[in-house]
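Sequence order for the protein chains is A, B, C and D.
Going by our numbering, the first residue of the first sequence is number 1, and it counts up by one from there.
Going by our numbering, the first residue of the second sequence is number 1, and it counts up by one from there.
Going by our numbering, the first residue of the third sequence is number 1, and it counts up by one from there.
Going by our numbering, the first residue of the fourth sequence is number 1, and it counts up by one from there.
Because the hints were derived from the structure by calculation, they are not lab data.
Cβ atoms here follow ideal geometry from the backbone N, Cα and C, with glycine treated the same way.
What you were told as hints is all true, and nothing was included just to trick you.
So, partial list: chain C residues that the calculated Cβ filter (under 10 Å) puts toward chain B: (1) A243; (2) L640; (3) L641.
Computed spacing ranges between beta-carbons, pair by pair: (4) D:L59 - A:E116: 37 to 43 Å; (5) A:A104 - C:P317: 17 to 23 Å; (6) C:F234 - A:T96: 46 to 52 Å; (7) C:L137 - B:I170: 33 to 39 Å.
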Amino acid sequence: MTRDLRMRWLTPALALLLAVGLTACNSFAPNTIFGAHSDFGHSIDLLTRKLLYMGVAVFILVEALLLYILVKFRDRDGNREARQFHGNSTLEIGWTLIPAVILAFIAVPTIKTIFETQAKAPPSSVQVEVIGHQWWWEFRYPQYGVVTANELYLPVGRTANFALMTKDVLHSFWAPQLNGKRDLISNHVNYLWFTPDSAYAWNGFCAEYCGTSHAYMRFKVFTVAPREFDAWVAHQKTNAVGSTPPATAMATDTGKASAATSATAAKGTTTPGNAKAPPAPAPTPVMNVSDTASATFPRSQLPRWVVPRTDPPATLTFDQSVTGDVTRGATLFKTAPCIACHTIRGVPTAAGIIGPNLTHVGSRTTIGGGLYPNELKFLQLWIKNAPAMKPGSLMPLFGKAEKGDTPGVYTDQQIADLAAYLSSLK
Amino acid sequence: MATAAIDTHDAHAGGEHPPTSTGLNNTKVAIWAFIGSECFFFASLISTYLIYRGRSPVGPFPHDTWKDPATGHVFKGILNIPITSVSTFVLLMSSLAMVLAHSAVVRGDRKSSKIWLAATAFLGATFLGFQAYEFTSFVHEGLTIHTNLFGSSFFVLTGFHGAHVTAGVIWLLTLLSIDMKRGLTPDEAINVDVCALYWHFVDVVWIAIFTLVYLIK
Amino acid sequence: MATTVSLPETPHREPTHKYESGVWSWLATTDHKRIGQLYLYTSLFWFIVGGIEAAIIRAQLYNPNSHLVTAQTYNELFTMHGTTMIFLVIMPLSAAFFNFLIPLQIGARDVAFPRLNAFSYWVFLFGGLFLNSSWFLHAAPNGGWFGYAPLTTRPFSPGLNIDFWVIGLQILGISSLAAGFNFITTIINMRAPGMHFMRMPIFSWMAFVTQFLIILAFPIITVALTFLMLDRFFGTNFYEIQAGADPLLWQHLFWLFGHPEVYILILPAFGLVSEVLPVFSRKPLFGYPVMVYSGILIATLGFGVWAHHMFAAGMGPIADAFFSITTMLIAIPTGVKIFNWLGTMWGGSLRFTTAMKFAIGLVALFTIGGISGVMHSSPPSDLQQTDSYFIVAHFHYVLFGGSMMGLFAGLYFYYPKITGRLLNEKLGNWHFWLTAIGMNLTFFPMHFLGLDGMPRRISSYDAGQGWESNNHLASYGAALIVLGTIFFAYNWFTSLRRGAVAGNDPWGGATLEWMIPSPPPDYNFATIPKVTSRYPLWDRKSPELTVNVPHDSQDEQKMDVKIGGQSTGTASAPSDTKLNAPHAHPSARQLGIMMPTPTTKPLIAAFALGTVFVGLIMHKNLPIMLTAAAIFVFSLYNWLLTPLEPEHH
Amino acid sequence: MAADQSHSTLSHDEKGNASPHEHTHPDWGTYKWVALILTLITALEVWIYYIPSFTKTKLFVPTLLTLSAVKFAIVVMFYMHLKYDAKLFRALFLGPLILAGFTIVGLLFLFGHLVIRG
Ligand code: HEA
Ligand code: HEA
Ligand code: CUA
Ligand SMILES: [Cu+2]
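Bound conformation, chain A alone:
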């Protein structure tokens, strides 16, 4: 190889390789589509891998051939003779047929998987109605009479059948670690179903552009042991109002990471011996929630990528000296404008359906479409000025002296009371 060539080709080519190589060495991928934790997730995974191998093979073939040609036939000294030919039918037929054969090899499993994943869901499935709103998720469990928002609970090992609908524009329901996505389409009901096979907490996203805060329309999925699911359901069915939060709510949850734990995934304390094996084979770490645990997913042990880290807008402040009072908040709420949009079961006046159901809002881990952790600080800011917390949010601002289309009505004290009340709704 001449020096000249090295200068002109090798350096940039190596830089190119390096650039591409760099991108692959990032192994922390909590939302990866690979190794998905459900039955159909596995089928898709398998199929995707086939496609990927096919792709890599074709890629190597073409690029290697190209490189060979570039090196072999370069006109180094300026007097290379080109061999004159202008076609070759045999070759051309060959490279028509070979791709056709490769494609047949991926078409067959594709078709199989299409029909497998779009068959009818078993009648024993947990029915979940997923209703998209700009920009939050409503989850209804018609079999249980439970309505919640932005957080899904699913029993491991039981098929969950989602009926996907939207109140406004299109959205798309996607928890990459569990299964592929499906769109929510106005005047349509779409279906998607799969059976989660490991207990854990997963991120979900809206994957169809739906307007200003599309980026902030996230959700969480908690796949839990069936008994735990039942406990959760039973709790969700109660009226939260006036009931003291279950003592266990945040208490003694323990999680266990399975043997195959990777350092990145296991964030929970490992307390061996206290938990049963996961109900279905779990290819990657599974946080196993104990039978005695509360109906609430152990907030303290959530994997860190499931806990939102968004900072509230810097311009938004809250008087830190005030402390909220639950009873005052409860009284205020009964007649507050909130009731026009929010339902709290047990508060007869609060039956609005525009916003998320707040009956057990205190037991959720996030607010605002998975944008902020469900902590007093964020709740207060949210109530004070939701549109600032989340661009375009359809919940108006309530903080006095906050600027907006309509001026707010509540002082920080009142907001603190409301927030205290809401977070008491475990």
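Could you slot chains B, C and D with the ligands onto chain A? The hints should help.
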């Protein structure tokens, strides 16, 4: 002094058309390409109409009666087949007039060419009159573009067809006025031919609309 | 038959009319080469604009939870970036080549309808300005480049934003359609004697196929946009959810257009690369007929795959399976093209000019995008890919790695023909490598981002999702592309004055455009050449290259272009200073060639037509709309009733 | 290569000059018959529309479609003289028409309307 050798067939001589590689007239090639394009235009409109057929939650409907639950008013199927059959016939006859106009221009028969061009335009305008009547009567009966999916897709489909007819009538009138002013020579028959192709295509679209929208229940 | 025309001693002459010089000569031009340059500069300008939008996107996404721009602005940025790159960059840049090259390649003096051609350009210019004027009203479109209903309907997007988008695209559609009919007619009817279809240069072929895609796909989006426009302005119900409308109608209509559209974006680039590779391999194109047929096949199949953009929409297993198979089938003719290009280079004598590098870049990079395309074509698998950054990676590989690379190859290749001077190869080398490395650094990580679950069109993402490092890389890559683009811009403008003089045929080209001076005189060919094979110039200059290529060997001497008694085919380049002067060659009149009269009528008609739409967006301002419509009709009559060429004899 | 020559139909004669084809157009005799047939078919269409017993059968829609397709074809072939004109025009028209037809059918299938009976 220098010379250049130039084939005369390259110089555009005034009046006559520059010879082309296929021997076909440029404008005629273009109009056929345009008609091909229009196939997709009307295919999209017709598909939309058919897709939305029967999807409107509220009436009035094209063929079926509908009782407004709010007012109790009963709407009969709104399409008026006898009237539309007549207007369809008018449009078909305009196509006949059009071919006669073209053949008159080709023959250099200026008297007939003027008559038939005028007849075509007149029949086209008559068709438009029928359509205007139809639209206003629908509006009186309570169907507008706002009313329901049927109203929107019906008016827009037939409205676009009507707009094509209108453009055709204007085109025909332009040709007619040229013919009246200085006479269309057989050389210029191609201009009439191109207009005729457009005109017949608009007719052909109506044939499809008449069956798909009006007759099929 | 031949007439002998006497020429004065000196061919130089003074312009005789204001339309022949200065700004007017551009405003009134009907010359396909000038119109091509107008397209060229306009689309390069929009490339910078779309690129700046992309750069802001990359800056915003550099860090998680970034607040560089608001969510609203971000949404406007990606919508306008996508819309700009597709409708204001790649399509018109391809149109620049159609305009400049088709008549030269097929041996014509102009397009079939020169004034319609000018009209197309002015409408395009108006459309681009209209669309982007929204920035100044703080109402840039924000519905995404595929503008899904019902988000784009009035109830969910009450502002002017979507109005600009709907109307802007409608205007641009008119331009593309008009140009489509024009080029189809041109290619069918204006070919030089002897140039039957299977001798047509491959770029012209791909351009021909592209025009069919345009005239058949654009009516569909015209209808879809008309519905949206009527919904937004006149209260129809096409996408009105309350009235029972079906949002899938928009999706089907949009993608029925949208998929053919992506082949509208790539086929011209394929054509350019098919011109560049043979020249710098010193070999004829491998499998010319198959290259032609595969282009036709890709275009035809392209109409039967649209719903692969809707696999997540729940169409049911049968539809999914059908569209999956048809989509996969497209990989076959496309693969044939890739392999035929490899076959073209095989055994050749490769010269790595910048144009060649970009052409090879297309072969290498488009393949990557094509392969990820095939990965999307499997519906179950696509459910994990769609609307994620994996898709963003796919389409930038085909659009940037494919279309842009091909167009850059074309720019380096044809710059000398357009301007008379060569681009600087050293700067070109920098441009290529910075672009190629930057492009991979930007878009390759997006594959991983998508597979790691990052949705697209998100104005920001949360920290700790494992997306930071790949987003960093992507943003660095974008910076490299910006740098490369600066090299390109610098090269472009300095070479206009200082570049090496090109002469007729700087590369040893094979097709007719290399036979005439650079830049060509307004009439292109003093004598319309008679074509005897696919590679007319090689037949004459390097017959050894075409010995195996089928052609009739008689009459080759007819190829000569004689101007002033000299064969200009081998004549040296005109002297330096006069290079870009329009008067460097004998005038058409001196040669007795009738060329179309310059006229501003198309310009007036285009702006009047555009103004009708301006009236529409100004709350249906009837006085404006009616006045503009009247002016439009008047100028149209005025134009159509005026003969193309000056009255004479 | 064979493909090379097979496309010469549209090219030039030996002299390299294009010769405008002279097409035989149909005349008044044909036109009046065409008009008559079109009228009759239209009348037939409207007539069967008014036969309730027929409109209810499965044959109604196909019959109407066939009849209007025949009308369509007649106008295109004779009035638009595609039957007599250059092959190129046929390609320019039929190609898009067929594609558009497939598109309509495809869309109707996708929207569950393949059976057009409303
Ligand atoms: C230039 C534009 C261009 C081109 C040429 C292509 C080419 C292809 N595209 Fe792409 N596509 C886009 C632009 C383009 N695309 C854009 C812009 C979008 C996103 C739109 C949006 O949502 O905003 C998109 C989205 C898109 C989707 C939807 C994804 C989704 O949103 O879920 C799909 C799905 O099937 C797809 C598939 C394909 C396929 C199969 C090809 C094929 O034509 C590729 C064929 C080429 C090859 C395969 C490589 C060469 C072949 C060989 C070397 C032979 C051997 C190969 C094999 C056997 C595999 N594309
Ligand atoms: C041809 C089409 C094309 C091209 C060339 C590009 C080029 C680029 N694109 Fe684009 N892109 C699209 C078509 C294209 N894109 C489409 C269709 C979408 C989808 C939109 C949607 O979802 O609706 C999209 C979306 C898209 C996204 C996803 C946004 C999202 O989903 O949230 C991103 C993110 O990184 C991106 C980045 C880039 C970058 C960094 C480039 C770079 O390669 C840009 C490089 C260009 C420059 C850098 C030129 C600028 C030069 C300068 C600034 C130099 C300085 C000045 C002088 C010389 C005078 N693009
Ligand atoms: Cu909801 Cu995006
Ligand atoms: Cu596509």
